[in-house]
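Trainee: All chains, full assembly: derive it from the sequences and hints.
Residue numbers (this note's numbering), protein chains in the order written: chain B, 75 to 227; chain Z, 43 to 378.
Everything labelled a hint here was simulated from the structure, so no lab data went into it. It is possible that some hints are incorrect.
Here are the computed lysine-lysine pairs in the DSS-like style, where the Cα-Cα straight-line distance is at most 27 angstroms [what the hints assert, rightly or not]:
id	chain 1	residue 1	chain 2	residue 2
1	B	Lys161	Z	Lys313
2	Z	Lys201	Z	Lys313
3	B	Lys161	Z	Lys201
4	B	Lys78	Z	Lys201
5	B	Lys199	Z	Lys201
Okay, here's what each chain looks like letter by letter:
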Amino acid sequence: MRVKPQPEPWYQMIVQRHTPPRRVWCNCLCAFIGGGLLCSLAQSALFVLMEFGRLTRQEAAPLVLLGVILLTALLTGLGIYDRLGQKAGAGLAVPISGFANSVAASMMEHQSEGLVLGSGCNSFKLAGAVIVFGIVSAFSVTALKGLIRLLLG
Amino acid sequence: MSIRQQGRRTWIFDEPPGIVGTAAVGGPREGRGPLAADFDQVLPDLRAGAASFEQAEQQMEEMAARLAIAKADLTPEQISLMFAGDLINQLTPSNFTARSLGIPYLGLFSACATAVEGLTLAALAASSGVAEQVLVVSGSHTCTAERQFRYPNEYGCQKPPHSQTTATAAGAAVVAAGSGPVAITAVTVGRVCDEHISDPFAMGAAMAPAFADTVQAHLHERGLKAADYDLIVSGDLGRVGQGIACELLQAAGISGGRLEDCGLLLYGDDKQVFAGGSGCGCAAAVGFGHLCRLLREGQLRRILLCATGALLSPLSCQQCESIPAISHAVALERRC
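Mentor: Structure representation (structure tokens):
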């Protein structure tokens, strides 16, 4: 793996003097509030489905996930999500909304190249890595768990 | 020959060619900014009826080119050479503009410094006698550049405060030998400078050394002081890069001049563009639209337009290459 080049210390110092600092605490708070609001909304939907829709938790949970994905895709299409993402940062990127947004945004972006070779081929341009490494890590952890069980009898 | 070399990389035009017609076209955000009055045409929205953003960018370039030619009281058939460039892979917007106009064409790339590179070559072509009237066009579109260099436009990632926004704008100028209210008196060709910045959002920090290098060379080779220019304008260093450039120039013993930046002039205090504007269209629209008007009207007499370009590709960044940058300077003077 190649290492990123670094500027000489003298230039690094000048750059630092003029670069506005990233407001880490403010960003954390915004992420906490933004992500918290989204999760509270999803949790409330889960509660409503279970309480009034008479669904079990196993039945209601996927519906809530689909609802969040639908809402994200809708907000992405309306051009609102990227503005919310700029404010809430990781708060919206970490939940499934981040994944849904990356797929919807990529598909929208490549619309001009056609349905199959444009939107279709590029839909997982950003989210593909999440799927690949998600499956690889899920497989590795499960394999390790099985191996330990086998050894311990 | 009315052109000579002075020092290593400065060319002096003894019978300076001039800019006889200019035009600037802007996007909706640019049209609401402080330079709104300097745009000949403002797009109603980012797509402006085109099938894709790339097509919108091409239309913008073509519009600017046609307007500049018309304002110079010429027709495309009377132009014998065209230099054009943009940020898109294989320069398609410029190529397609050249296809529509049918003018003999040379495509250029030096990222956001393309407009000044074009002006440099146009001045050379006009004063050497190979082309009587030369067209320079350059443009950029925020959505096409975002998509090519960063993420899809609607992707909700958080941009850092030192990032810049690509301008949706195009500028065009017609250069002719020996006439025009704005004269091109000298140019300095840039060197590629690299201070090993690798953050693709830190364009200002990557380009500031190239700007300082070219300004320093220009002033040294011509034996001028910064204060000899009414204004030294950087292409698109943004707020961060301009601060760094000031410090670098001071360290090199250059002070006293008035520095401005096209990326800051274009948007003023607009917080939505973060540290300022960038892109080929930024220096082209501000230089040809705003600054040429100030020169024509006599509000400025002599300026150094020093556009800066970051010569990166998304691939080079992912392969852990640092960001090299270039800056070309052109001295513009009001012809008395």
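Trainee: Does each hint fit the structure? Answer for all of them.
Mentor: Against the structure, the hints come out as follows:
1. B:Lys161 x Z:Lys313: At roughly 13 angstroms apart (the allowed maximum being 27 angstroms), Lys313 (chain Z) and Lys161 (chain B) satisfy the hint.
2. Z:Lys201 x Z:Lys313: Cα-Cα ~12 angstroms, so holds.
3. B:Lys161 x Z:Lys201: Roughly 10 angstroms separates the two Cα atoms, so the pair holds.
4. B:Lys78 x Z:Lys201: Answer holds: Lys78 (chain B) to Lys201 (chain Z) is near 20 angstroms, not above 27 angstroms.
5. B:Lys199 x Z:Lys201: holds (19 angstroms)
The earlier numbered hints are all upheld by this structure, with none contradicted.
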